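Novice: Here is how the chains run, residue by residue.
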Amino acid sequence: MKERRILVCIKPVPDPEHYDKIGIDPASKTLVRSGIPAVINPNDKNAIEAALEIREYWGGIVELVSMAPPDAEEKLREGLAMGADKAYLLSDRSFAGSDTLATARVLAAGIAKIGSFDLVITGSESADGGTTNVSPQLGEMLGLPHVCNVESITPQNEEQWQLNVKIEEGYLKVEGPTPMVVGVNDKINTPRYTTVMGIMEAEDKEVVIWSAADLEIDNDKVGLTGSPTQPGDLHEPKLQRAGKLLEGEPEVVVDKLIRLLRQAGVLNA
Amino acid sequence: MLPPEVFVVTEQVQGQLTPVSFELLGAAKKLAEEMGGASISCVLLGADIRDLGEDLASHGADKVYLAEDQRLALYQNEYYALFLTKFFKKQQPEVVLWGATAISGELAATVAARLETGLSAHCSDLHLNEEGLLVQVVPAFGGKVLGDILCPSRRPQMATVKTGIFSSLSKGEGAGEIIYEDTSILDGCSPLLKTLKVTKEKDRDTSLKEAAVVVGGGWGVGSGENWTLLERLSSLLGGAVGCTRPALDEGWTNGEHTMIGTSGITIKPKVYIGIGISGAIHHLVGIKDAEMIISINKDAKAPILSFSDYGVVADFKKVLPGLIEKIEELS
Ligand SMILES: Cc1cc2nc3c(=O)[nH]c(=O)nc-3n(C[C@H](O)[C@H](O)[C@H](O)COP(=O)(O)OP(=O)(O)OC[C@H]3O[C@@H](n4cnc5c(N)ncnc54)[C@H](O)[C@@H]3O)c2cc1C
Ligand SMILES: Cc1cc2nc3c(=O)[nH]c(=O)nc-3n(C[C@H](O)[C@H](O)[C@H](O)COP(=O)(O)OP(=O)(O)OC[C@H]3O[C@@H](n4cnc5c(N)ncnc54)[C@H](O)[C@@H]3O)c2cc1C
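From first to last, the protein sequence lines stand for chains R and Y. According to the working numbering, the first sequence is numbered sequentially starting from 1. According to the working numbering, the second sequence is numbered sequentially starting from 1.
Treat the hints loosely; a few may be bogus.
[As the list claims (entries may be wrong)] As a list, the in silico EDC-like pairs of lysine to aspartate or glutamate whose alpha-carbon atoms are at most 20 Å apart:
(1) Y:LYS288 <-> R:GLU249
(2) Y:LYS298 <-> R:GLU249
(3) R:LYS187 <-> Y:GLU325
(4) Y:LYS86 <-> Y:GLU201
(5) Y:LYS317 <-> Y:GLU231
(6) R:LYS244 <-> Y:ASP315
(7) R:LYS166 <-> R:GLU49
(8) Y:LYS209 <-> Y:ASP125
(9) Y:LYS194 <-> R:GLU159
(10) R:LYS238 <-> Y:ASP289
(11) R:LYS256 <-> Y:GLU325
(12) R:LYS221 <-> Y:GLU5
[Stated by the list, open to error] Computed footprint of chain Y on chain R, listed as stretches where at least three residues anywhere in the stretch have a Cβ under 8 Å from a Cβ of chain Y:
(13) 72 to 82
(14) 176 to 184
[Claimed, not checked] If the Cβ cut is set under 7 Å, some of the chain Y residues that face chain R in the computed set are:
(15) LEU52
(16) ASP55
(17) GLY142
(18) ARG154
(19) ILE185
(20) LEU186
(21) THR199
Derived by calculation from the structure, the hints in this document are not laboratory data. Given the structure is predicted, the values throughout are model-derived calculations rather than measurements. Each residue gets a CB set at the ideal place from its N, CA and C atoms; glycine is no exception.
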């Protein structure tokens, strides 16, 4: 049986459990997100899990790839602690401000340098930017077939894989050869927890760090300047409302509710 | 100079136009007016789609470009992207709008990469700025923050638009022209990935999106048995029941398509009644456009209360049965 080499793209994001605390500084109009810890994008843990399951079944190696600032090494170690074998961190000041197209270019350049592989697995959606663009755009940059919103991956034989793709109406059944880029959704599996053993082993695993100079990359096509989209103003949607409390015994509250429903025109009786 | 044109990529699944296709025409109309009378063009790919094209032509599209080919019957990323990339290179539009659905979102990202242009995703608003650039308002951090995205130099400016944001135009608005496009470019392509089939889930109840009253239930509802109280209330009011993620995960609800929020649907009912819901940002973004929000939560400190017009601090089990009884008496 042919051993598999699987690359998994992971993005560190501010922990989505704390997004209620994110806001905009009224003076500088910039994002306030201090004190929110970084985590591996939750959906990317599904991607790691999917890769580990394939490795367990077919044999092979699982390697992580991330474009992020240098401190992301810690997040890559968490992925290694889940069981991945090796990690690559693509980190350079010039990558800052990359939009999805520029991000896909950097990831593709890193992957091209890593070499041959059977599968690239990504999440479908990040919790912070959440565009869902990167997975298909990475496929395009690598010149490979790609599919996202994948809810199950079934190898048919050595080279042919079948994928169940979630769409609003139901599912698509898709089939194709490796290598390909697969974006998995969060229903595909339940990511495993890291064990103490896993964390200890991760200490000895390799994290390769590459800067722009290590990659074959056109400097004009990465970072904010190389991105076709440019960020403008930030806003906070207005969510606060009057919050008037309806007080009293249950019967009184019921009467007040009835009055409101009538007033809103949804109860005609 | 030719008058400006706003392009919309409509979508069909198994010969049915998806709801967002019509909403995109509504969004395009708004932009066309801001541009001082641009025309609205849409493109549809599929097999045997003449009728669908006519439907679009009578819902506000000035021009309907059809790529009709048996090979396009099902969504095939490689065929679809190949055709659309060539089509947009020829048309050179300023603006292209897509549905923020699984299929169109993936397709838009693919085509954006091939055209090396920008793509904003899940837009909740679109307008033009003073320079005439498309301002694409996207959610980030689960919707806690909205960002304006611009695409100043590359063309087209492309955006995917969330379902349920823009209103469709009513039937009879315009009688657009139908134009058949040449699909012979597909001859030179043998897709590696093949979509073999679509399995539709049992016909979706779409009532949630149109309902004037939505009763939303959260983790605090506590059991499937309690959930029937929500269904009872909603049916008395001719409404529908929606849920939060934890309630969905508990298996009390009618399924994933009833989840409201960042990862689910957006609703704009006259009245939203939230029961046993804490008010996390991921849920709030889905209900923020409700005309009236009423919530029942037993915790006086629950955030949902300050995001509601009216709040009741109580165990819902003490309030709902009485409310249901009262409405039954009245009707
Ligand atoms: C407020 C705001 C709005 C934005 N709007 C847009 C926009 O409309 N258009 C646009 O082009 N960009 C936009 N961006 C920039 C975008 O967030 C970045 O390009 C980001 O690097 C990747 O996009 P994403 O988070 O949307 O990823 P997604 O496409 O949602 O991520 C899918 C998967 O791709 C992989 N992946 C993504 N990023 C990385 C990475 N750095 N390293 C490794 N794997 C990765 C992960 O597996 C992830 O699960 C926005 C950013 C902000 C802060
Ligand atoms: C990336 C991401 C995407 C997400 N997308 C979504 C999404 O689309 N939609 C969504 O809903 N969530 C989403 N979530 C989850 C979201 O962050 C919250 O966890 C979720 O909305 C909380 O649901 P809840 O209010 O039902 O539960 P909880 O937060 O547990 O709140 C339960 C509430 O019920 C109250 N309660 C308990 N018992 C009673 C009683 N007897 N009577 C009255 N009140 C009672 C409690 O006081 C509490 O306030 C997402 C999370 C992430 C990380």
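Novice: A separate judgement is required for each hint: does it hold in the structure or not?
Specialist: Each hint tested on the structure:
1. Y:LYS288 <-> R:GLU249: 29 Å, violated
2. Y:LYS298 <-> R:GLU249: 14 Å, holds
3. R:LYS187 <-> Y:GLU325: This hinted pair is violated, its Cα atoms lying about 39 Å apart.
4. Y:LYS86 <-> Y:GLU201: Outside the cut-off at roughly 33 Å; violated.
5. Y:LYS317 <-> Y:GLU231: Distance ~14 Å between Y:LYS317 and Y:GLU231 Cα, so the pair holds.
6. R:LYS244 <-> Y:ASP315: 17 Å, holds
7. R:LYS166 <-> R:GLU49: 18 Å, holds
8. Y:LYS209 <-> Y:ASP125: 18 Å, holds
9. Y:LYS194 <-> R:GLU159: 14 Å, holds
10. R:LYS238 <-> Y:ASP289: Holds. R:LYS238 to Y:ASP289 sits at ~10 Å (cutoff 20 Å).
11. R:LYS256 <-> Y:GLU325: 14 Å, holds
12. R:LYS221 <-> Y:GLU5: The given pair, whose Cα atoms are some 29 Å apart, is violated under the 20 Å limit.
13. 72 to 82: violated (count 0)
14. 176 to 184: Result for this restraint: holds, n = 3.
15. LEU52: 15 Å, violated
16. ASP55: 18 Å, violated
17. GLY142: 5 Å, holds
18. ARG154: 4 Å, holds
19. ILE185: 17 Å, violated
20. LEU186: 16 Å, violated
21. THR199: 5 Å, holds
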